[in-house]
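Residue numbers (the working numbering), protein chains in the order written: chain D, 1 to 83; chain R, 1 to 97; chain E, 1 to 142.
Calculated from the structure, these hints are not laboratory results. Since the model is a prediction, treat every value here as computed from it, not as a measurement. Treat the hints with care, as some may be off.
Claimed, not checked - For lysine-lysine, the following DSS-like pairs were computed, each having C-alpha atoms within a straight-line distance of at most 30 Å:
{"no.": "1", "chain 1": "D", "residue 1": "Lys77", "chain 2": "D", "residue 2": "Lys28"}
{"no.": "2", "chain 1": "D", "residue 1": "Lys77", "chain 2": "E", "residue 2": "Lys7"}
{"no.": "3", "chain 1": "R", "residue 1": "Lys88", "chain 2": "E", "residue 2": "Lys61"}
To be verified - Here are some, though not all, of the chain R residues that point toward chain E, as calculated from beta-carbon distances under 8 Å:
{"no.": "4", "residue": "Asn36"}
{"no.": "5", "residue": "Thr73"}
{"no.": "6", "residue": "Leu86"}
What the hints assert, rightly or not - If you anchor each label on the Cβ, the simulated ranges turn out as follows:
{"no.": "7", "chain 1": "D", "residue 1": "Lys77", "chain 2": "E", "residue 2": "Phe4", "range": "20 to 26 Å"}
{"no.": "8", "chain 1": "D", "residue 1": "Met71", "chain 2": "E", "residue 2": "Gly79", "range": "24 to 30 Å"}
{"no.": "9", "chain 1": "E", "residue 1": "Glu141", "chain 2": "R", "residue 2": "Val16", "range": "44 to 50 Å"}
{"no.": "10", "chain 1": "R", "residue 1": "Tyr42", "chain 2": "E", "residue 2": "Lys107", "range": "17 to 23 Å"}
{"no.": "11", "chain 1": "D", "residue 1": "Asp7", "chain 2": "E", "residue 2": "Leu69", "range": "38 to 44 Å"}
{"no.": "12", "chain 1": "D", "residue 1": "Leu17", "chain 2": "R", "residue 2": "Asn32", "range": "20 to 26 Å"}
{"no.": "13", "chain 1": "R", "residue 1": "Val16", "chain 2": "D", "residue 2": "Val24", "range": "17 to 23 Å"}
Where is the CB? At the ideal position from N, CA and C, for every residue including glycine.
What follows is each chain in one-letter form.
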Amino acid sequence: MNAHIADLLNVVVLSSLVAIAIAVSYVKDLLYAAILLGAYSLVIALIWLLMNAPDLAITEAAAGIGMTTLMIAVISKIGRKGE
Amino acid sequence: MSNKIAIILLVCIGLVLLLAISELPLYGAPDNSAQNYVSERYIEGAVSDTGALNMVSAIVIDYRAYDTLIETTVLFTAVIAVFMVLKKAPDRKGEPK
Amino acid sequence: MRDFVLKRVVALVLPFVTMLGLYVIFHGHLSPGGSFSGGIITGLSMIAFSLVFGLDRSQEKISERMMTLIESFGALWYGAMGLVGILRGTSFLMNKGAGIPLGEPGKLYSGGLILLITLGVGLKVASTMVTLFVSLMEEEEE
Numbered sequence: 001m002n003a004h005i006a007d008l009l010n011v012v013v014l015s016s017l018v019a020i021a022i023a024v025s026y027v028k029d030l031l032y033a034a035i036l037l038g039a040y041s042l043v044i045a046l047i048w049l050l051m052n053a054p055d056l057a058i059t060e061a062a063a064g065i066g067m068t069t070l071m072i073a074v075i076s077k078i079g080r081k082g083e
Numbered sequence: 001m002s003n004k005i006a007i008i009l010l011v012c013i014g015l016v017l018l019l020a021i022s023e024l025p026l027y028g029a030p031d032n033s034a035q036n037y038v039s040e041r042y043i044e045g046a047v048s049d050t051g052a053l054n055m056v057s058a059i060v061i062d063y064r065a066y067d068t069l070i071e072t073t074v075l076f077t078a079v080i081a082v083f084m085v086l087k088k089a090p091d092r093k094g095e096p097k
Numbered sequence: 001m002r003d004f005v006l007k008r009v010v011a012l013v014l015p016f017v018t019m020l021g022l023y024v025i026f027h028g029h030l031s032p033g034g035s036f037s038g039g040i041i042t043g044l045s046m047i048a049f050s051l052v053f054g055l056d057r058s059q060e061k062i063s064e065r066m067m068t069l070i071e072s073f074g075a076l077w078y079g080a081m082g083l084v085g086i087l088r089g090t091s092f093l094m095n096k097g098a099g100i101p102l103g104e105p106g107k108l109y110s111g112g113l114i115l116l117i118t119l120g121v122g123l124k125v126a127s128t129m130v131t132l133f134v135s136l137m138e139e140e141e142e
């Protein structure tokens, strides 16, 4: 891959990471926040892939996107019932 | 007021973190401290020592197998903790609830 | 969550997701991935089944007791594999030094203990995820 294209890709990915991280704090609904955290994990998985670490990318994709989002969604429902 | 304090604190923490990042070695630089004789030993000997092509697996489950054993125990402990908090105790007959 | 389209799409996609998880587990020593990521993918496919078709139908497929058994014996399996080294007269969790046949690098059977340990830990992680999820869901439904 051309060095310039790789640099541009890095800039796009990292700035979208910051944008998602800021967006999480502005969302009121917990479910939307959990889904945005999943998007954050997706971008981090992309970063691992760009840094030649496919092992970590697979783990991040599975654990970060799937498991964390599901667990936060389920746990937030439990907390809501108690209110 | 507390909003302003929070923003100032966040900026300070961000500056400290950026300073820490500027001290890190460059990604993929040949004189990184990570590229020493240990990594050379793994890269040269992983396939002949363990027979696994995926070097990460070779390190995690062969060279550092004891670490991974304790790591699985951590997951087991997490499940036990969730059971302790959430599960109801079964009746005497063994029927749940 | 009882939508017709959702049920049909999930019924079509889930076998492939499960196969992907098992593939990642079985090829943990050959390609990127390993026990933890493959186990989580396999567990996620089971969780998606119980989300769409309901907890009762997933309990019919694999009961909760079975899951707990798999999880406990997955942790024990690792330790038992480590004892092989001690029985052969070397140290705990020894692979090549204990005289275990390593196989030809690149074939499915290679790496000696690595394949067996990955299999056990992968199934354990999958059942751990399912057990955590099911116990949380049951708490919510009460």
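Hints, verified against the model:
1. D/Lys77 x D/Lys28: Distance of about 15 Å is within 30 Å: holds.
2. D/Lys77 x E/Lys7: holds (23 Å)
3. R/Lys88 x E/Lys61: holds (23 Å)
4. Asn36: violated (23 Å)
5. Thr73: For R/Thr73, the interface hint holds, since the closest Cβ of chain E sits about 6 Å away, which is under 8 Å.
6. Leu86: holds (5 Å)
7. D/Lys77 x E/Phe4: 20 to 26 Å: Since the Cβ atoms of D/Lys77 and E/Phe4 sit about 24 Å apart, the hinted range of 20 to 26 Å holds.
8. D/Met71 x E/Gly79: 24 to 30 Å: holds (28 Å)
9. E/Glu141 x R/Val16: 44 to 50 Å: holds (46 Å)
10. R/Tyr42 x E/Lys107: 17 to 23 Å: Since R/Tyr42 and E/Lys107 have Cβ atoms about 22 Å apart, the given range 17 to 23 Å holds.
11. D/Asp7 x E/Leu69: 38 to 44 Å: For E/Leu69 against D/Asp7, whose Cβ atoms are near 52 Å apart, the range 38 to 44 Å is violated.
12. D/Leu17 x R/Asn32: 20 to 26 Å: holds (24 Å)
13. R/Val16 x D/Val24: 17 to 23 Å: holds (22 Å)
In summary, the numbered hints that this structure violates are 4, 11.
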